[in-house]
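Chemist: Going line by line, the protein sequences match chains A and B.
At position 78 of the first sequence the residue is numbered 77 (numbering that gives the first Met the number 0), and the sequence of numbers has no breaks.
At position 19 of the second sequence the residue is numbered 18 (numbering that gives the first Met the number 0), and the sequence of numbers has no breaks.
Quick caveat, the hints were computed from the structure, so don't treat them as lab data.
Mixed in with the good hints there might be a few duds.
Listed next, with one range per pair, are the computed distances between beta-carbon atoms [claimed, not checked]:
#1 89(A) - 33(B): 25 to 33 Å
#2 16(A) - 32(B): 47 to 55 Å
#3 31(B) - 13(A): 47 to 55 Å
#4 38(A) - 49(B): 23 to 31 Å
#5 11(A) - 84(B): 49 to 57 Å
#6 84(B) - 35(A): 23 to 31 Å
#7 12(A) - 82(B): 29 to 37 Å
Pairs of lysine-lysine, DSBU-like flavour, derived with a Cα cap of 35 Å [as the list claims (entries may be wrong)]:
#8 68(B) - 19(A)
#9 62(B) - 19(A)
#10 71(B) - 31(A)
#11 19(A) - 71(B)
#12 31(A) - 68(B)
#13 31(A) - 62(B)
Reference listing, derived: stretches of chain A covered by chain B, where coverage requires no fewer than 3 residues with Cβ under 8 Å from a Cβ of chain B [said to hold, decoys possible]:
#14 2-14
#15 19-28
#16 81-89
No experiment lies behind these values; they were computed from the predicted model shown.
Beta carbons: idealized from backbone N, C-alpha and C, even for Gly.
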Amino acid sequence: MRLGHVIGRVTLSQQDPAYKGGRFLLVQPFAKPQFAGASMTPLAPGSSLVVYDNLGADVGHVIGFTESAEASAPFDQPTPVDAYNAAIIDTLFYTPPSA
Amino acid sequence: MILARVDGVIVSTVCHPSMTGNRTVICQPLDEQGREEGSPILAVDPLSAGMHERVLILADGSKAREFVKDPKSPLRNIILALVDEPLKKETA
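Please take these sequences and the hints and turn them into a complete structure.
Modeler: Spelled out as structure tokens, the structure:
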């Protein structure tokens, strides 16, 4: 599981019936500075990704998302999902050891 | 399996039901020299690892799903061992 900032929404007109009840978020994964409290902008390096969400996260939230096979585990039917929003993060405590 | 160091902890109210009641920590993956490698990841922590403790993470979802007793859990990383010995330093 990784953390990321929700930076946008993806709206669909036609979609697989299995996606019913969820929506898609555009997420920028955290780099180390974001764990330490750096803001959403400027965006962290690395490419953003689209995450399936049925918890109701919105732009600006920090979420924990799973990727690969586990992303489709919560569905009843085999569902083509690459990344799944597993948690909306309230607080994170991050204190790396000082070098 | 991933060697990592526990660097923090997360708090989440709205989450997948399988995560409720389980401690989830932020882990910094380490290389064989103990240097930081890549961005931190999240892992379920059934062993209550201490802050900055080195741990072994299993990055295979099967054990995590077994631990939370939910075959439909999206969890993947789970801490399976706490590392006692300091990493061996290169003597060259």
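Chemist: For each hint, tell me whether it holds in the structure or not.
Modeler: Here is how each hint holds up against the structure:
Here the CB-CB span from residue 89(A) to residue 33(B) is close to 32 Å, well matched to the stated 25 to 33 Å. Distance hint check: the CB atoms of residue 16(A) and residue 32(B) are about 50 Å apart, consistent with the given range 47 to 55 Å. At about 49 Å, the CB distance of residue 31(B) to residue 13(A) agrees with the hint of 47 to 55 Å. For residue 38(A) and residue 49(B), the hinted distance range of 23 to 31 Å is satisfied, since their beta carbons lie about 30 Å from each other.
Distance hint check for residue 11(A) and residue 84(B): the Cβ-Cβ separation is about 52 Å, which falls inside the suggested range of 49 to 57 Å. The beta-carbon spacing between residue 84(B) and residue 35(A), approximately 29 Å, falls within the hinted interval of 23 to 31 Å. Judged by the Cβ atoms, the range 29 to 37 Å given for residue 12(A) and residue 82(B) is violated: they are separated by roughly 51 Å. The suggested pairing of residue 68(B) with residue 19(A) holds, with an alpha-carbon distance near 26 Å, which does not exceed 35 Å.
Proximity of residue 62(B) to residue 19(A) is assessed by CA-CA distance (about 29 Å); at most 35 Å being required, the pair is judged to hold. For a cut-off of 35 Å, the pair hint linking residue 71(B) to residue 31(A) stands: about 30 Å separates their Cα positions. With a C-alpha separation of about 18 Å, the suggested pairing of residue 19(A) with residue 71(B) holds against the 35 Å cut-off. Taking the CA atoms of residue 31(A) and residue 68(B), the gap is about 32 Å. The hint holds against a cut of 35 Å.
With a C-alpha separation of about 27 Å, the suggested pair residue 31(A) and residue 62(B) falls inside the 35 Å cut-off, and the hint holds. Against chain B, the stretch 2-14 of chain A contributes 1 residues with a C-beta closer than 8 Å to a partner C-beta. That does not satisfy the three-residue criterion, and the hint is violated. For a cut-off of 8 Å, the count of residues in the stretch 19-28 of chain A with a CB near a CB of chain B stands at 1, and the three-residue condition is violated. Coverage of the stretch 81-89 of chain A by chain B holds in this model, with 6 residues showing a Cβ closer than 8 Å to a Cβ of that chain against a need of three.
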